[in-house]
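Trainee: One letter stands for each residue in the lines below.
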Amino acid sequence: MLALVAVHALTAVIAPALVRLWGRNALYLVALAPGATLVWALTQTAGVRDGEPVVETVTWVPQLGLGLALRMGTLSWLMVALVGGVGALVLAYSARYFRNDDPGLGRFAAVFVAFAGAMLGLVVSDDLLLLYVFWELTTVFSYLLIGSDPAKRASRRAAMQALLVTTLGGLAMLAGFVMLGQHAGSYRWSEIAGNLPGGGYLAVAVVLILLGALSKSAIFPFSFWLPGAMAAPTPVSAYLHAAAMVKGGVFLVALMGPALAEVTPWRPVLLIAGLITMFLGGWAALRQVDLKLLLAYGTVSQLGLLMVILGGGTRDTALAGVAMVLAHALFKATLFLTVGLIDHAAGTRDLRELSGLGRRAPALAVVAGLAAASMAGLPPMAGFVAKEAAVEALLHGGGADLVVLVGVLLGSVLTVAYTLRFLWGAFAGKPDVPATEMAPVSWPFLAPAAVLALAGAAAGLFAPAVDRLLAPYADLYSSADPGYHLALWHGLTPALGLSVLAVAGGAGLFHLMRRERVRATLRLPFDSATVYTRVIGAVDRLAVELTGATQRGSLPFYLGVILVVLVLLPGGALLIGAPWPQRFHVWDTPLQAVAAAVVIVAAVLAARALRRLTAMILVGVAGYGTALLFVLHGAPDLALTQFLVETVTIVMFVLVLRRLPAKFSERPIRSSRRGRVAIGVAVGAVTAGMAYVATGARQAIPISVGFPDEAVSYGGGKNVVNVTLVDIRAWDTMGEIAVLVVAATGVASLIFRRAGDLHRRADIPGDGRAEYNRPRWLTTGATTRAQSVILQVVTRLIFHAIVIFSIYLLFSGHNAPGGGFAAGLVAGLALAVRYLAGGRTELNGAAPVDAGVVLGAGLFVAVGTGVGAMLLGGEFLQSALLDFHLPVLGHVHFVTSVFFDVGVYLIVVGLVLDILRSLGAEMDRQSETESAEIRERELV
Amino acid sequence: MSPNLTYVIVVGVLVAAGVTLLLERSLTRVLMGVILLGNGANLLLLTGGRAGGPPIVGTTAPEEMSDPLPQAMILTAIVITLGMTAFLLALAYRSWHLNGHDEVQDDVEDRRIMDLAIRDEGPGTADIEGGTGDDDESTDARPVANVVEAGRAG
Chain A
1 MLALVAVHAL TAVIAPALVR LWGRNALYLV ALAPGATLVW ALTQTAGVRD GEPVVETVTW
61 VPQLGLGLAL RMGTLSWLMV ALVGGVGALV LAYSARYFRN DDPGLGRFAA VFVAFAGAML
121 GLVVSDDLLL LYVFWELTTV FSYLLIGSDP AKRASRRAAM QALLVTTLGG LAMLAGFVML
181 GQHAGSYRWS EIAGNLPGGG YLAVAVVLIL LGALSKSAIF PFSFWLPGAM AAPTPVSAYL
241 HAAAMVKGGV FLVALMGPAL AEVTPWRPVL LIAGLITMFL GGWAALRQVD LKLLLAYGTV
301 SQLGLLMVIL GGGTRDTALA GVAMVLAHAL FKATLFLTVG LIDHAAGTRD LRELSGLGRR
361 APALAVVAGL AAASMAGLPP MAGFVAKEAA VEALLHGGGA DLVVLVGVLL GSVLTVAYTL
421 RFLWGAFAGK PDVPATEMAP VSWPFLAPAA VLALAGAAAG LFAPAVDRLL APYADLYSSA
481 DPGYHLALWH GLTPALGLSV LAVAGGAGLF HLMRRERVRA TLRLPFDSAT VYTRVIGAVD
541 RLAVELTGAT QRGSLPFYLG VILVVLVLLP GGALLIGAPW PQRFHVWDTP LQAVAAAVVI
601 VAAVLAARAL RRLTAMILVG VAGYGTALLF VLHGAPDLAL TQFLVETVTI VMFVLVLRRL
661 PAKFSERPIR SSRRGRVAIG VAVGAVTAGM AYVATGARQA IPISVGFPDE AVSYGGGKNV
721 VNVTLVDIRA WDTMGEIAVL VVAATGVASL IFRRAGDLHR RADIPGDGRA EYNRPRWLTT
781 GATTRAQSVI LQVVTRLIFH AIVIFSIYLL FSGHNAPGGG FAAGLVAGLA LAVRYLAGGR
841 TELNGAAPVD AGVVLGAGLF VAVGTGVGAM LLGGEFLQSA LLDFHLPVLG HVHFVTSVFF
901 DVGVYLIVVG LVLDILRSLG AEMDRQSETE SAEIRERELV
Chain B
1 MSPNLTYVIV VGVLVAAGVT LLLERSLTRV LMGVILLGNG ANLLLLTGGR AGGPPIVGTT
61 APEEMSDPLP QAMILTAIVI TLGMTAFLLA LAYRSWHLNG HDEVQDDVED RRIMDLAIRD
121 EGPGTADIEG GTGDDDESTD ARPVANVVEA GRAG
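One line per chain: the protein sequences are A and B, in this order. Going left to right, the first sequence walks through residues 1 to 940 as UniProt numbering numbers them. Going left to right, the second sequence walks through residues 1 to 154 as UniProt numbering numbers them.
Don't read these hints as lab results, they were simulated from the structure. Computed from a prediction, not measured in an experiment: that's the story for all the values here. A virtual CB, placed ideally from N, CA and C, is assigned to each residue, including glycine. Relax, there's no trap hidden among the hints.
Derived list of chain B stretches under chain A, where covered just means 3 residues or more per stretch with a C-beta under 8 Å from a C-beta of chain A:
1. 18-24
2. 54-61
3. 64-76
4. 80-91
Just need the whole structure built from these sequences, with the hints factored in.
Mentor: Structure (structure tokens):
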């Protein structure tokens, strides 16, 4: 079965190519896929008849209990045969319906056969989640087929309507499936059916599932999408919206009926919704002048009837129901194909314009007549057999069944009436309408419809054989009686009498409607199509209003909202329920208060500063104060890093601020400023409160108590913080350096305007290196008036010393304060000093490499260390200790995590170099170019 | 564990100043807010660990060491703040270069939607699709009848 679905998928992929090669005749080839389905189903007939379902399971995601479980019992077998058989015939018909030069023919073929595959999957799925997937696939393909003419607004609207309605139902159904599946612990229907929950839970699940089934099968109140779907080409209507897709809901009801029929909402919902649909559809069909729409409303009516019969929930109604599914698929597809033929040959399908077609195309009329007879329930057609079975089953039921019986009979009256209207409208000679001119109908065009019509006749004539095939499904319902059997002739039974009555009534109604021109309308107090339009309109409106109200496009507004929520919710929780600690200490050492005072004053002044430079210096002071707090806390590594970072930050700020105006451009409006300060103070208070409560609430022993021992024994280092960074929590560091690389790349992309400039040493081959390479170590290169010669020379003198110091920091970091971050920052600062002293020429001389290369090399080394450890059989980034003896240096104690730290070092150096190249050198170049341009313009 | 009041107050002030700046429109100010906020957050982490001697084996006895774990976390945070500062500075410069200022502007598209909402225009108001279709309506009052005209595709 899975193979068949795959065949469909493959065919769908190659179909457009086939159509390009052979034009419309390629559709015959494409028809082989559904044809193969029919053939396969027929080969399985014997087994299925003997009550042995074909089962196929493939495990997919065992952890989630997901599997591709397929199962073909009698019901599925019938559907598979219909999906395959009708699909193949309709494709064969399409090969003559379309013209070779029809645009979108390849797409049609692909989507059509893909739909056939999805439908096949749907009817053989045992796993409900799988069934849902196929269910939605059919919806999507139906959408594509209805909207096959995207240039037409009506077509688009109809497609969207069908999609929305059926998807909405599908989602409800999925919820129902999940409810049942979670309870049963399995999503396979064959297992769920024997393990149902009870009470309200089951009732809710059933209602949800029915929502899906009803919307798919266009049952009231979801009927309106089906007539709209007639925007699709006629072959699509014949297959999707008569034989296959709309039967999805019917199939689901039939599948679950044996297990769910006794659940409370099942029968009432199906009977009431089905009866309403039957009447509304039948009545609407009687008033149509478009033959295709007449059939569409007729389909709606028949789907209602099917729901009523299958919802009956006894063995005999089930038998009648599946027989009717078979009959309906055969006759309705035939009739749609006939309409397509008429449309093609006569150029119209308006029954007011058609006249005398019966005489001109007798073969066509016979085919349509056979199918129509089946629809009206006349012997010896399958429709007659099915209807007899339904009437008989209902006759023997209780009170409710009799009410349903009356409804079904009235429905039959309507059916007979619109069937006559169809035949009359299509084929009769009308005295006041001139005979329609029509092209002759070729036999390959007619053949598929004829085959379907004859199949309908055969199913009626050989009713006992059909009965034997379908009975295993009906027998899923327990029944005391031996049960009804399908047959053409049961003798002069009351059911036969009722059938005769219905036919006579229908004929009478048809004549009445024709003569009196009854235009009375049967309307519900509300029209679901209008409701749909209103709901969609309201949703659109809501989206506009909601977006307008919440998405103001102002970042401060969004931030404000988030922060106010922070103040209100966690802040409120702090006030109401937090365990405020009683014990606290003011400081660890009084010096902390001094450092704190510095930080506080600087922070408050920074928030009030109006000049950029002032604000920057104050922020820097706050940062150095924080570093002081780190020192007093006993965190030398932090303090070192913080000092260095603050310094690099100041350098960066200076580089950028020299280009920006001295004052902040916008003088804050006083009132909004007050609001900002209020939010700031509130957030600060809440954060302080959280810090106080969280620290006081801590009782467990910190996990880091064991770190010192582990640092020495496993990490091979005495500096616990550094070992934590490169070993114990090395993954964190790995993530962080990755972020640094991204940030550096971002900076460069923002400043360098052209992608070609992104080689971050663009000017090395030019002015920079050429001048620098002269063998005059301490002579200055391109000194301009703005640069100090003394400074340049001094920086050159100390540059190497600083770099060597940074390398010392890097390697000593494992046992003393230092490490890759601090060392990298020191080296970076050395570069910064060179740049500040001598501009970009000096920078290029000091670091004649692409910053991107340094960054990449760092990342490579860091990841390489981790991968190397893995290759040697350890964990990712696991470190190893090596002790060995070197001739001069003596005993060497070496830890592999040093390599990781080297990677970190390179990345930090690369980041700083990148910043200097972007915010420094490139910005210099840009401003020089601009001032040169300005000078030129002034000269001109 | 007993909280250190000094830290609590510094954290509060840094966050307050940081948030105040963060809500501004000038990117440079926002950036300074981020830095102050970052320092506040780092101190908040530090509050959660014990103070003591440097966590270096051999220098300090293990029971007198300050808690090394928050320190390792803060160290990465400090360097990340550096990367973030660089990026925002580049952004501020770029913004100044392109627009002549470094202010965060309101999103134009969002503004337009807001205007639609205020003026009660846009989808879902007047032009409700359905009833009045663009095709002829002689056959049936139902809107779906309009669709039939599209029936023969291809």
